[in-house]
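Engineer: Each chain, letter by letter, is given below.
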Amino acid sequence: MTKVYEDPPERVTALKDISFHVNEGEFLCIVGPSGCGKSTLLRMIAGLDHPSSGQIRFRGDLLTAPHSKISMVFQSFALLPWRTVVQNVEFGLEIQGKPKKEREAVAMRLLEMVGLRGSENLYPKQLSGGMKQRVGIARALATDPEVVLMDEAFSAIDEFTAEALREEVSEIHKETKKTFLLVTHNLPEAIELADRILVLSSRPAKVKSIVGVDLERPRTSTDSEFITIHKDIFGLLQAELENSIMRHRLSELQEFKKLRDMEER
Amino acid sequence: MHDNTRRKIVLPSWALALIVIFAVWEAISVSGIVPSSQLPPLHQVLLALVQLAGSPFFLSHVGQSLANVTAGVSIALVLVLPLALLVGLRSQFDQALTPIIMLVGALPDLAILTLLVTVIGKGNVAAVTISAFSAFFPIYFTVRQGVKDIPVDYFHVASVFKAGRIQTFTKMVMPSISPSLLTGLRLSFEFSWNVLLAVEIIASVAGIGSFISNSLGGTAHSLTYGLAAILTVGMITIGMDRAFFGRFENRMKRWH
Numbered sequence: 003m004t005k006v007y008e009d010p011p012e013r014v015t016a017l018k019d020i021s022f023h024v025n026e027g028e029f030l031c032i033v034g035p036s037g038c039g040k041s042t043l044l045r046m047i048a049g050l051d052h053p054s055s056g057q058i059r060f061r062g063d064l065l066t067a068p069h070s071k072i073s074m075v076f077q078s079f080a081l082l083p084w085r086t087v088v089q090n091v092e093f094g095l096e097i098q099g100k101p102k103k104e105r106e107a108v109a110m111r112l113l114e115m116v117g118l119r120g121s122e123n124l125y126p127k128q129l130s131g132g133m134k135q136r137v138g139i140a141r142a143l144a145t146d147p148e149v150v151l152m153d154e155a156f157s158a159i160d161e162f163t164a165e166a167l168r169e170e171v172s173e174i175h176k177e178t179k180k181t182f183l184l185v186t187h188n189l190p191e192a193i194e195l196a197d198r199i200l201v202l203s204s205r206p207a208k209v210k211s212i213v214g215v216d217l218e219r220p221r222t223s224t225d226s227e228f229i230t231i232h233k234d235i236f237g238l239l240q241a242e243l244e245n246s247i248m249r250h251r252l253s254e255l256q257e258f259k260k261l262r263d264m265e266e267r
Numbered sequence: 002m003h004d005n006t007r008r009k010i011v012l013p014s015w016a017l018a019l020i021v022i023f024a025v026w027e028a029i030s031v032s033g034i035v036p037s038s039q040l041p042p043l044h045q046v047l048l049a050l051v052q053l054a055g056s057p058f059f060l061s062h063v064g065q066s067l068a069n070v071t072a073g074v075s076i077a078l079v080l081v082l083p084l085a086l087l088v089g090l091r092s093q094f095d096q097a098l099t100p101i102i103m104l105v106g107a108l109p110d111l112a113i114l115t116l117l118v119t120v121i122g123k124g125n126v127a128a129v130t131i132s133a134f135s136a137f138f139p140i141y142f143t144v145r146q147g148v149k150d151i152p153v154d155y156f157h158v159a160s161v162f163k164a165g166r167i168q169t170f171t172k173m174v175m176p177s178i179s180p181s182l183l184t185g186l187r188l189s190f191e192f193s194w195n196v197l198l199a200v201e202i203i204a205s206v207a208g209i210g211s212f213i214s215n216s217l218g219g220t221a222h223s224l225t226y227g228l229a230a231i232l233t234v235g236m237i238t239i240g241m242d243r244a245f246f247g248r249f250e251n252r253m254k255r256w257h
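Line by line, the protein sequences give chains A and B. When you read off a place in the first sequence, starting at 1, and then add 2, the result is the number in my numbering. When you read off a place in the second sequence, starting at 1, and then add 1, the result is the number in my numbering.
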């Protein structure tokens, strides 16, 4: 699959000959240098954007539009501010025309699961970032999808809250056996959650490597195997970035520095 | 311990200011600094106000004005809402239409009214048309901006959950723009109401404007009644704004 953006006279190839397979029930994380097009990739799987060539298949069916079994969690939370917490969670079911009783029952069960019981009648503006994303996750689960797409879902939340939320998502993954796809620039986050990590190269993005993470859960970033995997993938990304630098791309030089700083921390 | 027995009555500062202004008005007029033929004392104006409030003749004029402005704003809303949504959602239409609409909006309402009266003649049609004309632009620009300000992720949410066009419109676009729409309607009502008095006089239709203009041309106490009618206009403006728009605004404040 390839994605080319054309805004004449500009022509940018965002993704080039990307091909990979997602196993049912797995937690796949997609990492790559920033701006490499990993969010574009996720949006295409969500049916919000179309590949320029190639195809995306879900259970053998060609994906050309959003699929009712594929749901999404957004970096910006994207809660509808005029709806209360429970009404936001019910959104997908309401679109499907499910009766109110059923919607409410599903929403309340999910709110219980994400620890928001008692906050169901609050409006999004009354919630913290972490709480908002809990609502976002509950909303994504409400339509009982088989695949949950998460686009930098923890990136707009403070680190402590994000850590707690990651643990919960890991738990939800274990319990529901749904397939999760998380796009992230946070390598430790990917290693903590993923069964496999898809490493993309810098623009135009290709699949650089697919790394299996076969560590027991819950995972700790101080674990020696964790550190080994981190080093390996970081090496891949660094090589990728050094390539870019040789191509004199200043923006990615900055990104490289950022990643190096993160490594040192 | 807190002393509950002594309750202080605190007037809002605007009420205090109003009392002072009214006192000065009354004093100036009664003392004769300004002759009462040019500035009737406040108590007479208030008395006239009470009389007017009980006068079916006056009330029918008020009703006529309100009906005209409501009709004008409603017509503007029906015409402008689809247009503002279209240009908000599709930038090629925005680029084609908005400059023209800005140009038309810059034309003075009253000049257009005069033209309109010479073309279609005096009467309620002219009054309602000009009322709709002046209500058009605030709705257009606020709703257009409101649509443009909808975060793109809201559209993604609607798409991911497979909302159709109509559902996207009713469950996402309309609630998103409701605060801008309210602001637009509020401004429209104000604009429309402000030109209406002049409209009524130029188009010679019944309403508060013609009532004021008639009473000012009349006899000894005409100024008193004119002032009372003008005060009524002010009170109606504030009253409508509070009672109607204020209520929606309060409801929106819960989430907005």
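Do not take every clue at face value.
Stated by the list, open to error - Straight-line Cα separation of at most 30 Å, DSS-like style, residue types lysine-lysine; simulated pairs:
#1 B:163 - A:103
#2 A:102 - B:254
#3 A:180 - B:9
#4 A:18 - B:163
#5 A:71 - B:254
#6 B:172 - A:71
#7 A:127 - B:172
#8 A:102 - B:163
#9 B:172 - A:103
#10 A:100 - B:163
#11 B:172 - A:100
#12 B:254 - A:180
Everything labelled a hint here was simulated from the structure, so no lab data went into it.
Engineer: Starting from residue 172 of chain B, check that the Cα of residue 103 of chain A is at most 30 Å away, please.
Structural biologist: Measuring from Cα to Cα gives roughly 19 Å; hence the hint holds.
Engineer: Sort out whether residue 100 of chain A lies within 30 Å of residue 172 of chain B, counting only the CA atoms.
Structural biologist: holds, 15 Å
Engineer: Is the hinted pair residue 18 of chain A and residue 163 of chain B satisfied, with a Cα-Cα distance of at most 30 Å?
Structural biologist: holds, 28 Å
Engineer: For the pair we were handed, residue 172 of chain B and residue 71 of chain A, check the Cα-Cα distance against 30 Å.
Structural biologist: holds, 21 Å
Engineer: Within a Cα-Cα threshold of 30 Å, do residue 100 of chain A and residue 163 of chain B meet the stated pairing?
Structural biologist: Judged against 30 Å, a Cα distance of about 14 Å means the pair holds.
Engineer: For the pair we were handed, residue 163 of chain B and residue 103 of chain A, check the Cα-Cα distance against 30 Å.
Structural biologist: holds, 21 Å
Engineer: Holds or violated: residue 180 of chain A with residue 9 of chain B, Cα cutoff 30 Å?
Structural biologist: violated, 64 Å
Engineer: Holds or violated: residue 102 of chain A and residue 254 of chain B, Cα atoms, limit 30 Å.
Structural biologist: holds, 26 Å
Engineer: Against the 30 Å threshold, does the CA-CA distance of residue 127 of chain A and residue 172 of chain B hold or violate the hint?
Structural biologist: holds, 19 Å
Engineer: Has the given pair, residue 102 of chain A with residue 163 of chain B, been kept, meaning a C-alpha gap of at most 30 Å?
Structural biologist: With a Cα-Cα distance of about 18 Å, the restraint between residue 102 of chain A and residue 163 of chain B holds, given a limit of 30 Å.
Engineer: Check whether the Cα positions of residue 71 of chain A and residue 254 of chain B lie no farther apart than 30 Å.
Structural biologist: Measuring from Cα to Cα gives roughly 35 Å; hence the hint is violated.
Engineer: Taking 30 Å as the top limit, are the C-alpha atoms of residue 254 of chain B and residue 180 of chain A close enough?
Structural biologist: violated, 38 Å
The structure shown violates the earlier hints numbered 3, 5, 12.
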